[in-house]
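Peer 1: Here are the chains, one letter per residue:
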Amino acid sequence: MASELDIFVGNTTLIDEDVYRLWLDGYSVSDAVALRVRSGILEQTGATAAVLQSDTMDHYRTFQMLERLLHAPPKLLHQLIFQIPPSRQALLIERYYTFDEAFVREVLGKKLSKGTKKDLDDISTKTGITLKSCRRQFDNFKRVFKVVEEMRGSLVDNIQQHFLLSDRLARDYAAIVFFANNRFETGKKKLQYLSFGDFAFCAELMIQNWTLGAVGEAPTEPDSQVDDMDMDLDKEFLQDLKELKVLVADKDLLDLHKSLVCTALRGKLGVFSEMEANFKNLSRGLVNVAAKLTHNKDVRDLFVDLVEKFLEPCRSDHWPLSDVRLFLNQYSASVHSLDGFRYQALWDRYMGTLRGCLLRLYHD
Amino acid sequence: MKTGELQRKIGLKVLEMRGNAVVGYLQCFDLEGESGLVVRAIGTACTLDKLSSPAAFLPACNSPSKEIKEIPFNEDPNPNTHSSGPSTPLKNQTYSFSPSKSYSRQSSSSDTDLSLTPKTGMGSGSAGKEGGPFKALLRQQTQSALEQREFPFFTLTAFPPGFLVHVGGVVSARSVKLLDRIHNPDEPETRDAWWAEIRQEIKSHAKALGCHAVVGYSESTSICEEVCILSASGTAAVLNPRFLQDGTVEGCLEQRLEENLPAGCGFCHIPYDELNMPFPAHLTYCYNCRKQKVPDVLFTTIDLPMDATVIGKGCLIQARLCRLKKKAQAEANATAISNLLPFMEYEVHTQLMNKLKLKGMNALFGLRIQISVGENMLMGLASATGVYLAALPTPGGIQIAGKTPNDGSYEQHISHMQKKINDTIAKNKELYEINPPEISEEIIGSPIPEPRQRSRLLRSQSESSDEVTELDLSHGKKDAFVLEIDDTDAMEDVHSLLTDVPPPSGFYSCNTEIMPGINNWTSEIQMFTSVRVIRLSSLNLTNQALNKNFNDLCENLLKSLYFKLRSMIPCCLCHVNFTVSLPEDELIQVTVTAVAITFDKNQALQTTKTHVEKSLQRASTDNEELLQFPLELCSDSLPPHPFPPAKEHLESASSNSGIPAAQRATSVDYSSFADRCSSWIELIKLKAQTIRRGSIKTTVTVEKASPMGEGNFRNRSTPSCANSTVGVVKMTPLSFIPGAKITKYLGIINMFFIRETTSLREEGGVSGFLHAFIAEVFAMVRAHVAALGGNAVVSYIMKQCVFMENPNKNQAQCLINVSGDAVVFVRESELEVISTQQPAANCQPACTGGEVTT
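From first to last, the protein sequence lines are chains A and B. The opening position of the first sequence corresponds to residue 1232 in this note's numbering, with each subsequent residue numbered one higher. The opening position of the second sequence corresponds to residue -12 in this note's numbering, with each subsequent residue numbered one higher.
Since the hints were made in silico from the structure, they are not lab data. Be aware that a few hints might be false.
Claimed, not checked - If you only want the chain A side, here are some residues facing chain B, beta carbon under 8 Å, derived:
1) Ser1234
2) Gly1241
3) Asn1242
4) Leu1245
5) Val1282
6) Asp1286
7) Met1296
8) Glu1298
9) Leu1301
10) Leu1311
11) Ser1318
12) Val1477
13) Ala1480
14) Ser1547
15) His1549
16) Ser1553
Said to hold, decoys possible - Non-contacting residues of chain B with respect to chain A, defined by C-beta distances greater than 12 Å in every case (computed):
17) Ala315
18) Thr516
19) Pro557
20) Gly726
Note that this is a predicted model, so its numbers are computed, not measured. Here a beta-carbon is modelled for each residue, glycine too, at the ideal position from N, C-alpha and C.
Take the sequences, apply the hints, and build the full model.
Peer 2: Pasting the structure below:
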C-alpha cells in the first residue's frame, strides 16, 4: 500500500514552528522526520512515524509554496491563497530572514555574486550548516542587497519597508549590505576573533557618520545619479581625510599632540609608559589609515589596518579596555587644542566613528 | 452555468408552489462520461415570511414543505450556450434571466419537472429565527395531508422542537443502472424514471415503518464506466400534523404547549404497530417516560434533535468495507454488483452495530452510507455519530462464541479476546462519560433481556424487491450481542473492531453538526480538507487485504488529523465528512472535510445543567440555517441591483457612526470593495503573484523617480505594508459559527473549478498540485465571500473532488465543486454592544428577506 497522494489544507494555514525551523535549516524530509522522532514527539502525542512523515511532508509543501512569497514579504501580507494570522506572518518572515552567525561571518564583505555562491559548498562543510540553508541565507543577502541597492533614503528604513523585518534584523541586514557594497575584508585570520555583532556595530556607526546620507543634505541636482545615500562612503569626506596627515607629518604638531595627551593622562593610565613610548606609532597608524582611505583597496582593508596598526600593539602591551577608552578620548579631544590644525570638524567626523569602532573591536 | 440555470428552475418551481425559498439545497454533478453530464438538485421548498412582531424566545415553528423537484438535464452539445451563460460565479448573481439563452435546455427539462412535481400537496412552510427579524408565519395554502403527496421528503436534518413526533429509522434504496441503456441520453426522462422508482421505494419503506414522511433525505450516485449505482437514504418519521396544516405561529406554539409530550424521548417511541412489526425487533418501555415502547437501537440520518436527552458524549463511528469483484462488461457487471450489494449492506450494518455496542452507545445520528463502485471492487463506507440516548435501553455487551469449543488453546484465545472487548467497552464508557442512571427492572415493568437485535435499517435493491433484512439474524435468545468466530472473516471483523484507535484525549469527533454533550464552544475554528490516495498492489488482492488497506487508510487519516490539530486541544472535529472514490483500478481516494472547534474544558463539566438552555440556543442557529436561499430568487426580483446585501449593510453600518471597532470589523472594510473584486478577478485570470509583482515594481519606480527629498523617506520608518488589507473569512461546514450571530445571509456560493497541469513534476507531484489547487479553491471562495461583503461561509461542502493523473505524461487534472452560504456574522460579545447602542440595527438585514416575498 503506497500513499500516492496525501495532503491536508486548512482554511487557516497551519504553521508548525518546529518543522519550519527544520525546513529553514535545510533538512530533507526524512532527516526532519528523524529529528522529530528524536525529540520525543511520538511519545508525547501517541502518533506513528507514518503520521509524522505525512505531517512533515505537508508542512514542507506549504513552506515551499510560501517561499516565493517570502522572497518579497509584502506579498505574503497581500496574497489571498494562504490565510495566515498577522502574528504568524511576522514569524514566518522574521525566521526566514534570520541567518546563522557562522555563515554570515564567512560571506561578510564578500561580493554577493555567483562566484561567492560557488564557494557555498566549502562554507557549508566548514560551518556545518546545510548547503540548502547556506543558499537561502546567501540568497536573502543578495535579494535584500539588490532591492535596496538603488534606493535612496535610510538603509534600515528601506529594508524594513520592503522586507518587513524587525528593527534588529533590519539593522543587521543594513550592515551586511553595507559591508558587501564596500567589500570590507573580514575574513583574514587576524580578524577571526571578531563577531558579526562587532562588524554590525561598526557598520552602523559608519553609515551614520561617514556616508552621504549622514551629512543630511540633499544632492544639489535631484536627477543626478549620485552615490547611494547610505551604502557608499562619502567620497569627498574620504578625500579630505588626506588633510589629517599633517598631524603626523608635521613633527611639531605630533609632539605637541603627544605632550597634550600625556599631560592629561599622567597618573590615570595603568599602561602610561607603554602609551608614551608607542604614542607616535599609534597616532601614525590611525592617521595613515585615514589618509589611505581614498583608495578603494585601502577602504577594503580598513579593519585589517585597524587591527594591525592599533589594536594589536595595544593588546600586546596588555592595555585594559578602560585605558584604551581613556586614551582614545584624550587623543581625539586634544586635537582641538592644537592651534595650527584647521580640520577640527573633519577630525571629529573621522575619530568619533573610529573611536567607537576601535572600542568595540578591542577584545580577545 | 448549469448550476445557475438549475437554480433558476428550482426557483420557478418553488414559486409555482407558492413558496419563496429553498432550504437544504443539495446539488450534485453526475459525471456520466459518454452519456453526458447531469446536474441534479433537490431541496425543500418553504415560505419565508417577514416577522411582524419579534417573539421573545421560542424559535418559530417552521414547516418546510417537502422535497420537491429534481431537474436532471444533459450537457447541451451546443457550445454557444456555454459562452452565453454566466461565465463566472460572480456574474451569476447579477444574471438576469433571458429565455433565449438557454431555450433548448429549458424545454428538455421542463417536462420532467412537471412529471415529478406533485400536483397535490404543495407544501408551505416558514422558518423563524430567535430574536431575529424573521418569524415564521405559516402561509395558508390548500393543504392536503402529507401522506397523499407523491414524495413527502425533507432534505433538512434539523427541525424545531416538536416537529418530529416519532422517528422510525433509516430507509434506503439502491439501484444499479447501465448508462449506455439510456435511450435518449440528451433527455432526462430515463433518469427521472430511475429516481422516481427509488423515491417510490423509499416511500414504501417509510410506510412499512408506520411513517408518512422521510426527513434528512439525500440522493447520490457512484459511476464507473457505464455502470451507475443510484442511492437514496433518509429517516422515516412521523411529523407533527399541526405543523403541516394551516395555522399561524401562534397556533403552533399553543398547540405545542398544550401537548404534554414527554421531553426528550418522544421521537424515540416507535411509530409502527407493536404487534405488527415490519421486522423482528426488540422493544422495551421508554427509559424516560416509561409509557411507550422504544427500540433498543435507533439509526437515523438526521442530526440529533435538540430536545433529545443524551448521556455522555458522542463519537464518530465508521464502518468500512471492500469487496472484490470480477471485471466485467455491461449487464454481467451490473449483475455482479447487484449480487454483492446486499451482502455489503449487511456487513456494513453489522460493523456499525458492533462498533456502537463497543462504544456502549445505543443510537446513531447522521448516518451516511456510501457505496462506491470501481472496475474491480466495491467500497462501502458508513459514517455516523454514536450517542447514548437516555430513552433507549442500555446496550448489552458483545459476546464471542467459538465454533470448535473443544480446542483448548482456541478457547483460551477466545476468552482472551472476550476480555479485551469487555475492557474496551468499559474504557469507552469512561471515555465518553456514559453513566446512565441505574433503573431496576421492576420499575420498567418488563424484564429486559438483551437479545440480539437489528436496527431499523431497511435496504433493498430495485432489481430485487425482496428485502435483505428479512434474513433471520436472531440465533435464539442470548444475553448479549454474540459474535461467532467461525471463519477468518469473522476473526478479521473482531480484530478490526479492536484496532480502531480512540482519538487522543481532549479530542472528540462526530459527523453531525455538533457534538452531543459539548456545548461550550469557543470561537476558534479551523476548517480543513484532507485528501489521500493509495495505490494497492495489484498482486493477489484478497478481500481481507483490501479491507485492511482501506481500514488503515481511514484510521491513519484520522490519526493524522488528530496529530495536526493537536494544538487546538481540547477540541472536537465536527461534521467529519468522508468521501470515497475509486478513480482507477488500484487507486482508492478518500477525501475528508471537517471543522475542528476548540471548546472550553472548564465549562464542560457543567454541561448537563445547561444542556437544555444551550440546546435552545442551538435551535436558533438551526433555524437560521433554514433561512438560506439561493440568491437567484433574490436577483429575480432585484435584477438591476448587483450587490444589494452588501450595500444595504453598508448603509446600516455607516449610519451607526460612533459605533466602535466592533461593528466596523464585521462590516469588513467595504471601502476596498472594488479592490477586492478586482483582486479576485486578478486571481482568477492568472497566478496573482506575477501580476502583483509587476504592480509592486511600478510603485518602486515611481518612488525612485519622484523628486521628493530624502527627508520624506526618512520619516517613513514604519513599513507601509504592515497592516494587511486582506480580511479574514471564516469557513465552516456547519450552519453556524460558534460564539457569533449570523446577521445576514448573502446567498449561496456554488463554485466549480477545473485545473489541469502538464508539468506535474515541476509543481511538486500530485500532492503539490492538489495541495495548491485546494488552497486556491479556499482562497477563491473566501475572495468571493469578501467581495459580497461577507465574512464567513457556512454550510460549506466540497461536493466533488475528482482527481486524475497520468504521471508518465507528467499531467494531472482535477475537478472540484464546492458550495456554501456566504454570510455576515457578528461576534456575540460585539452584538450586545451594537444592540444596546442601536436596537434598530438588527432589523435592517431582515428587509432583504422580506423583499423576496413581494
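Peer 1: Each hint should be assessed against the structure and marked as holding or not.
Peer 2: Outcome of the hint check:
1. Ser1234: Because about 6 Å separates Ser1234 (chain A) from the closest Cβ in chain B, which is inside the 8 Å limit, the hint holds.
2. Gly1241: At about 4 Å, which falls below the 8 Å cut-off, the nearest Cβ of chain B leaves the hint on Gly1241 (chain A) intact, so it holds.
3. Asn1242: Since the shortest Cβ distance to chain B is 4 Å, the answer is holds.
4. Leu1245: Because about 6 Å separates Leu1245 (chain A) from the closest Cβ in chain B, which is inside the 8 Å limit, the hint holds.
5. Val1282: At about 5 Å, which falls below the 8 Å cut-off, the nearest Cβ of chain B leaves the hint on Val1282 (chain A) intact, so it holds.
6. Asp1286: 6 Å, holds
7. Met1296: 6 Å, holds
8. Glu1298: 12 Å, violated
9. Leu1301: 12 Å, violated
10. Leu1311: For Leu1311 (chain A), the interface hint holds, since the closest Cβ of chain B sits about 5 Å away, which is under 8 Å.
11. Ser1318: Interface hint status for Ser1318 (chain A): violated (11 Å vs cutoff 8 Å).
12. Val1477: 34 Å, violated
13. Ala1480: 37 Å, violated
14. Ser1547: At about 43 Å, which exceeds the 8 Å cut-off, the nearest Cβ of chain B leaves the hint on Ser1547 (chain A) violated.
15. His1549: Where the cut-off is 8 Å and the nearest Cβ of chain B is about 44 Å from His1549 (chain A), the hint is violated.
16. Ser1553: 36 Å, violated
17. Ala315: Holds, because the least Cβ-Cβ distance between Ala315 (chain B) and chain A comes to about 25 Å, which exceeds 12 Å.
18. Thr516: 5 Å, violated
19. Pro557: Consistent with the label, Pro557 (chain B) stays out of reach of chain A, its closest Cβ about 14 Å off (over 12 Å).
20. Gly726: 16 Å, holds
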